[in-house]
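Using the sequences provided together with the hints, build the complete structure.
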Amino acid sequence: MAALGRAALLLSFGLAVYALVAGSLAARQKKRRLALSAQNALLSAFGTTLVAALVLWSALARRDLSFVYVAQHISKSLPTGYALSAFWGGQEGSLLLWLLILTAYSALAVFLNRRNRDLVVWTVPVLAGVATFFAFMLCFVSSPFETAAAPADGAGMVPSLQNPYMLAHPPLLYLGYVGLTIPFAFGMGALLSRRTDERWLVATRRWTLAAWTFLGVGQLLGAHWAYVEIGWGGYYAWDPVENAALMPWLAATAFLHSVMIQEKRGMLKVWNMVLVALAFNLSVFGTFLTRSGVVNSIHSFSQSPIGGWFLGFIVMCVVFSVGLIYWRLPLLRARTKLESLVSREATFLYNNLLLVALCLTILWGVTYPLLTQAVRGTTRSVSKPYYDFFLHSFGLPLLLLMGIGPLVAWRRASLRALGRTFFIPIVAAVITGAALIAVGLGSSTPGLLAYTFSAFVAASIVLEFTRGTRATGSLTKLVARNRRRYGGYLVHAAILLLAIGIAGSSAYQTVREKGLKQGQSMQVAGYTLTYESIGTTAEANAQATRAVVDVSRGGKHVATLHPGKNFYPVENQVSNEVSIYHDPRNLGDVFTIADGIDRNGTLFLKVLVKPLVNLVWAAGFVFVFGALVAMWPDAVEQRRLAVRYATT
Amino acid sequence: MTLALVLGSLLAVVAVVIVARPFLREPAPASDRLDELGELDRLRLTLAEERDRALAALKELEFDHRTGKVSDDDYRAQLGPLRQRAAEALRALEPRAEATREVPRLQRDAAR
Amino acid sequence: MIALSVAAVLALFIIYTSIAGAGTPQIQPSQLAAQHGDVMLVGTVVPGMSGDAHQGGLHFTLEDDGPANAARTHVLYTGSVPDLFKVGRHVVVEGTLRNGVFVAKPGSLVTKCPSKYTPAKT
Numbered sequence: 000m001a002a003l004g005r006a007a008l009l010l011s012f013g014l015a016v017y018a019l020v021a022g023s024l025a026a027r028q029k030k031r032r033l034a035l036s037a038q039n040a041l042l043s044a045f046g047t048t049l050v051a052a053l054v055l056w057s058a059l060a061r062r063d064l065s066f067v068y069v070a071q072h073i074s075k076s077l078p079t080g081y082a083l084s085a086f087w088g089g090q091e092g093s094l095l096l097w098l099l100i101l102t103a104y105s106a107l108a109v110f111l112n113r114r115n116r117d118l119v120v121w122t123v124p125v126l127a128g129v130a131t132f133f134a135f136m137l138c139f140v141s142s143p144f145e146t147a148a149a150p151a152d153g154a155g156m157v158p159s160l161q162n163p164y165m166l167a168h169p170p171l172l173y174l175g176y177v178g179l180t181i182p183f184a185f186g187m188g189a190l191l192s193r194r195t196d197e198r199w200l201v202a203t204r205r206w207t208l209a210a211w212t213f214l215g216v217g218q219l220l221g222a223h224w225a226y227v228e229i230g231w232g233g234y235y236a237w238d239p240v241e242n243a244a245l246m247p248w249l250a251a252t253a254f255l256h257s258v259m260i261q262e263k264r265g266m267l268k269v270w271n272m273v274l275v276a277l278a279f280n281l282s283v284f285g286t287f288l289t290r291s292g293v294v295n296s297i298h299s300f301s302q303s304p305i306g307g308w309f310l311g312f313i314v315m316c317v318v319f320s321v322g323l324i325y326w327r328l329p330l331l332r333a334r335t336k337l338e339s340l341v342s343r344e345a346t347f348l349y350n351n352l353l354l355v356a357l358c359l360t361i362l363w364g365v366t367y368p369l370l371t372q373a374v375r376g377t378t379r380s381v382s383k384p385y386y387d388f389f390l391h392s393f394g395l396p397l398l399l400l401m402g403i404g405p406l407v408a409w410r411r412a413s414l415r416a417l418g419r420t421f422f423i424p425i426v427a428a429v430i431t432g433a434a435l436i437a438v439g440l441g442s443s444t445p446g447l448l449a450y451t452f453s454a455f456v457a458a459s460i461v462l463e464f465t466r467g468t469r470a471t472g473s474l475t476k477l478v479a480r481n482r483r484r485y486g487g488y489l490v491h492a493a494i495l496l497l498a499i500g501i502a503g504s505s506a507y508q509t510v511r512e513k514g515l516k517q518g519q520s521m522q523v524a525g526y527t528l529t530y531e532s533i534g535t536t537a538e539a540n541a542q543a544t545r546a547v548v549d550v551s552r553g554g555k556h557v558a559t560l561h562p563g564k565n566f567y568p569v570e571n572q573v574s575n576e577v578s579i580y581h582d583p584r585n586l587g588d589v590f591t592i593a594d595g596i597d598r599n600g601t602l603f604l605k606v607l608v609k610p611l612v613n614l615v616w617a618a619g620f621v622f623v624f625g626a627l628v629a630m631w632p633d634a635v636e637q638r639r640l641a642v643r644y645a646t647t
Numbered sequence: 000m001t002l003a004l005v006l007g008s009l010l011a012v013v014a015v016v017i018v019a020r021p022f023l024r025e026p027a028p029a030s031d032r033l034d035e036l037g038e039l040d041r042l043r044l045t046l047a048e049e050r051d052r053a054l055a056a057l058k059e060l061e062f063d064h065r066t067g068k069v070s071d072d073d074y075r076a077q078l079g080p081l082r083q084r085a086a087e088a089l090r091a092l093e094p095r096a097e098a099t100r101e102v103p104r105l106q107r108d109a110a111r
Numbered sequence: 000m001i002a003l004s005v006a007a008v009l010a011l012f013i014i015y016t017s018i019a020g021a022g023t024p025q026i027q028p029s030q031l032a033a034q035h036g037d038v039m040l041v042g043t044v045v046p047g048m049s050g051d052a053h054q055g056g057l058h059f060t061l062e063d064d065g066p067a068n069a070a071r072t073h074v075l076y077t078g079s080v081p082d083l084f085k086v087g088r089h090v091v092v093e094g095t096l097r098n099g100v101f102v103a104k105p106g107s108l109v110t111k112c113p114s115k116y117t118p119a120k121t
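Residue numbers (numbering that gives the first Met the number 0), protein chains in the order written: chain W, 0 to 647; chain C, 0 to 111; chain Y, 0 to 121.
Keep in mind the hints are simulated off the structure, nothing from the lab.
If you're wondering where the values come from, they're calculated on a predicted model, not measured in any experiment.
Keep in mind that a hint or two might mislead.
Coverage of chain W stretches by chain C, computed from C-beta distances (three or more under 8 Å per stretch; other residues unrestricted) [said to hold, decoys possible]: (1) 31–39; (2) 45–58; (3) 115–123; (4) 257–265; (5) 400–409; (6) 456–470.
Partial list, derived from the structure: chain C residues whose beta carbon lies under 10 Å from chain W [to be verified]: (7) Leu2; (8) Leu4; (9) Leu6; (10) Phe22; (11) Arg32; (12) Asp34; (13) Glu35; (14) Thr45; (15) Arg52; (16) Gly67; (17) Ser70; (18) Gln77; (19) Leu78; (20) Gln83; (21) Glu87.
The following residues of chain W were derived to be distant from chain C, with all beta-carbon distances above 10 Å [claimed, not checked]: (22) Ala1; (23) Gly155; (24) Leu174; (25) Asp196; (26) Met315; (27) Leu323; (28) Thr371; (29) Ser413; (30) Ala479; (31) Arg482; (32) Gly514; (33) Val547; (34) Val550; (35) Val573; (36) Gly595; (37) Gly619.
Just so it is clear, CB atoms sit at the ideal spot from N, CA and C, and this is done for glycine as well.
What follows is the structure in structure tokens.
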């Protein structure tokens, strides 16, 4: 069966190459049948890749240990759900997942736009080019279909990955990463076909939004997993692998907003091409970072076979994007100019600048070790203080802009109008700020600013909804008629929740660590935690040691927590099993880690009190809801677009 | 192993057929030229986008005015030029004398 | 307009790096002898651990990642030990070399993301 998988991938490679070459020829020489043939090749590549994927999935389900990949990532006793998810547990499988999603998306995008022949004829070779690279890697560099004599049992899956969040996190992220290829390909296709209209934006708007949503949710799931499973007390560590997903997301955020300006005013065309290329290139770079282990240690770069290839591909893509944009620059020149620095167009421009600045500083931070190694010979790295500084410097103004943007009028906002529309939000912010200082939360300046700005944004969003409802008569009618705008405001509300949650749980968290004997207590931020007892039980594949910790607040018992450790004999590993109390009163958590239990029975308990942290997770739900509203098809708008593009 | 061989060959054959299909269906077509957007069509498209943009801007101005984001003065100041732009866009697409009179009607349509 | 913003970003950046210092050096055990002061030691954990990170300190040994010179350093660590810490793991720990023993800053031990991210051994 492995042979079938290899054959299917070879076919995918062949089809991708054909689609690339024939597609480019057909586009240049305007050959209809050849163009159609290239299109068919790209669609068929999905079929062959799907066959390859099914072969791997069946091998995992059957626990066929003659597949080297299967033997490396599962064990015979692993539950089927996790065994199937081992598909993306390793490098080869995740490359196959990338190709599978890419070919699926490409097939769908090309099929939906098949009447837009002008544009599609150039989009096909671009998509095929990306597919060619991944197919090449899968066939000749990093194949999931290597076979060997089957060992007695597989290596098993790392225990911390046997978790529902880890089932969903990689595929969701990939649905996001790969999704950014579609708008990129259409954008480059538009440039190649010398079209100056916005068809490519209209065609890819929902793709971008969907990919961006997947990427955002995937990251939140990963953060939540890190929080409950890895359990160091945080959810984001500025690890290169985490940043790898954040960077394209930031670029895509900028792109999503910036295209609104092109749509309404015909401006920022160059920005949009650059942003979509940046988002795509960063998502490939992100995949490269995560899968090649290059930043962990410069030495793994040379050990990894894929590192060099990926780097070459990224360089090629960057050169292609920059070259093409530069070449077609005359086509992208806008006729309209920015009329005023105080206008909605201008706020979108500031938004772009801040998001890209944040994205680039993170990129700098991630590549700093590689660059210093190459230039100076010693590796230097940056860590949390660096990232925090720039997160505050760029993130806080971005937060504020979220509230300012919707309130400013197009073209030119008179200061008097601004004064009126800003009045209530500013009052809300000032009152909030004063109240927070009064209760002692002025200890952290970034935290205070975050909360104050959030009050401003919250007031602005509420005002938008109330004013809009008053003008249209009903809330549902308002949202139904302006799905993109009000869906967008809902997403802003989600980001707001996220910001408040992050500010609360980082700027205002309390951490304390103490060695407790049985019966002893410790005080943390108003909570009293008492170490009651300890015990060990045998679970399916682990020995679970748990301490019983009683939590009370103000003398009243609120929870019993069971932090501890698991020992996995098969994998010979110990994992921290944290225990968390979700306090409904402040939407925060009391996070306990049993750091160590010594022979005398002393428990080293680490306690983190994180106010408002549950808003971070709640934000995820609002985020998805808002994005769905914004994406929801609008019959009136569809009709209008159909009329506009009827002749093409 | 033979099953893999059979399936693999089947897959290859199907793929080749799908790729060759355009040539098999039309061995000798009247025209093999890819119909692309001509200059005139491109111009129409750009103008149509311009028209939709102008109408959308008008609709948004109305809405912003109704929700109080745009003051009465600013509204009056911007309404004229925007209507003018919309009329021009319409005229460019359909050069008729009545085109300018259609702006308010189209505005109402767009507002629905 | 754009140029101004870019300049502002760069200015912010330069201010930060000049104040906060240009990153902490990340070095391997073989380079440790030549270093002074606070560094981030990177390496792989070899068999042979003793002690307790919460009482007296955890003693373990780190080895160079590269195949060439397998230099080793003895590390003394106090503080939280991450889940994934075990023999064979690639770790990073911040601290200073003192009298032949690398004394780590409490709580600075970090293991890199799970093994699924490392390339397949060929």
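For each hint, the structure was consulted:
Requiring three or more residues with a Cβ within less than 8 Å of a Cβ of chain C, the coverage given for the stretch 31–39 of chain W holds, as 7 such residues are present. Three residues within the 8 Å Cβ limit are the bar, and the stretch 45–58 of chain W against chain C gives 3, so the coverage statement holds. With a threshold of 8 Å between beta carbons, the proposed coverage of the stretch 115–123 of chain W by chain C holds, since 3 of its residues qualify and at least three are required. Counting residues of the stretch 257–265 of chain W whose beta carbon lies closer than 8 Å to any beta carbon of chain C gives 4, which reaches the threshold of three, so the coverage claim holds.
With 3 residues carrying a beta carbon less than 8 Å from a beta carbon of chain C, the stretch 400–409 of chain W meets the three-residue requirement, and the given coverage holds. Coverage of a stretch by a chain is defined here by at least three residues with a beta carbon nearer than 8 Å to that chain's beta carbons; for the stretch 456–470 of chain W and chain C the count is 5, and the condition holds. The beta carbon of Leu2 of chain C is positioned within 10 Å of a beta carbon in chain W (closest approach about 8 Å), and the interface hint is therefore held. The beta carbon of Leu4 of chain C comes within 7 Å of a beta carbon in chain W, closer than 10 Å, and the hint placing it at the interface holds.
Evaluation of the Leu6 of chain C hint against chain W yields a held restraint, the C-beta minimum of about 5 Å falling below 10 Å. For the restraint placing Phe22 of chain C at the interface with chain W, the shortest Cβ-Cβ distance is roughly 6 Å, inside the 10 Å limit, so the hint holds. Annotation: interface hint on Arg32 of chain C holds; nearest CB of chain W at approximately 6 Å, less than 10 Å. Below 10 Å, beta-carbon pairs count as interface contacts, and Asp34 of chain C has one with chain W at about 6 Å; its hint therefore holds.
A hinted interface residue such as Glu35 of chain C counts as satisfied when its beta carbon comes closer than 10 Å to some beta carbon of chain W; here the least separation is about 5 Å, so the hint holds. Here the hint on Thr45 of chain C is kept, as its CB sits about 6 Å from the closest CB of chain W, short of 10 Å. Taking 10 Å as the C-beta cut-off, the interface hint given for Arg52 of chain C holds, the closest approach to chain W being about 7 Å. Hint on Gly67 of chain C holds. Least Cβ distance to chain W is approximately 6 Å, under the 10 Å limit.
Satisfaction of the interface hint for Ser70 of chain C is found here, the shortest Cβ-Cβ separation to chain W being roughly 5 Å, below the 10 Å cut-off. Because the smallest distance between the Cβ of Gln77 of chain C and any Cβ of chain W comes to about 7 Å, under 10 Å, the interface hint for this residue holds. The criterion of a C-beta within 10 Å of any C-beta in chain W is not met by Leu78 of chain C, whose closest approach is roughly 12 Å, and the hint is violated. Against a cut-off of 10 Å between C-beta atoms, the interface hint on Gln83 of chain C is violated, since the closest Cβ of chain W lies about 14 Å away.
Nearest Cβ of chain W to the Cβ of Glu87 of chain C: about 13 Å, over the 10 Å cut. The hint is violated. With a closest Cβ-Cβ approach of about 8 Å to chain C, Ala1 of chain W is found to fall inside the 10 Å limit, against its non-interface label. With a minimum CB-CB distance of about 28 Å to chain C, Gly155 of chain W clears the 10 Å threshold, and the non-interface call stands. Look at Leu174 of chain W: its CB is around 25 Å from the nearest CB on chain C, clear of 10 Å, so calling it non-interface holds up.
Distance check for Asp196 of chain W against chain C: the nearest CB is about 5 Å away, which does not clear 10 Å, and the non-interface claim fails. Separation of Met315 of chain W from chain C is adequate, the least Cβ-Cβ distance of about 25 Å exceeding the 10 Å criterion. For Leu323 of chain W, the requirement that its beta carbon stay farther than 10 Å from each beta carbon of chain C is met, with the minimum near 19 Å. With a least beta-carbon separation of about 48 Å from chain C, Thr371 of chain W lies farther than 10 Å from that chain, consistent with its non-interface assignment.
Distance check for Ser413 of chain W against chain C: the nearest CB is about 6 Å away, which does not clear 10 Å, and the non-interface claim fails. Here Ala479 of chain W stays apart from chain C, with its beta-carbon at least about 12 Å from theirs, past the 10 Å limit. Every beta carbon of chain C lies more than 10 Å from that of Arg482 of chain W, the smallest distance being close to 14 Å; the non-interface claim holds. Even its closest Cβ contact with chain C, about 60 Å, leaves Gly514 of chain W beyond 10 Å, as expected for a residue assigned away from the interface.
For Val547 of chain W, the non-interface assignment is confirmed: its Cβ lies about 56 Å from the closest Cβ of chain C, beyond the 10 Å cut-off. Residue placement check: Val550 of chain W keeps its beta carbon more than 10 Å from all beta carbons of chain C (closest about 48 Å). Against chain C, the non-interface label of Val573 of chain W holds: every CB pair exceeds 10 Å, the least being about 43 Å. With a least beta-carbon separation of about 53 Å from chain C, Gly595 of chain W lies farther than 10 Å from that chain, consistent with its non-interface assignment.
Under the 10 Å C-beta cut-off, the non-interface status given to Gly619 of chain W relative to chain C holds; the minimum distance is some 30 Å.
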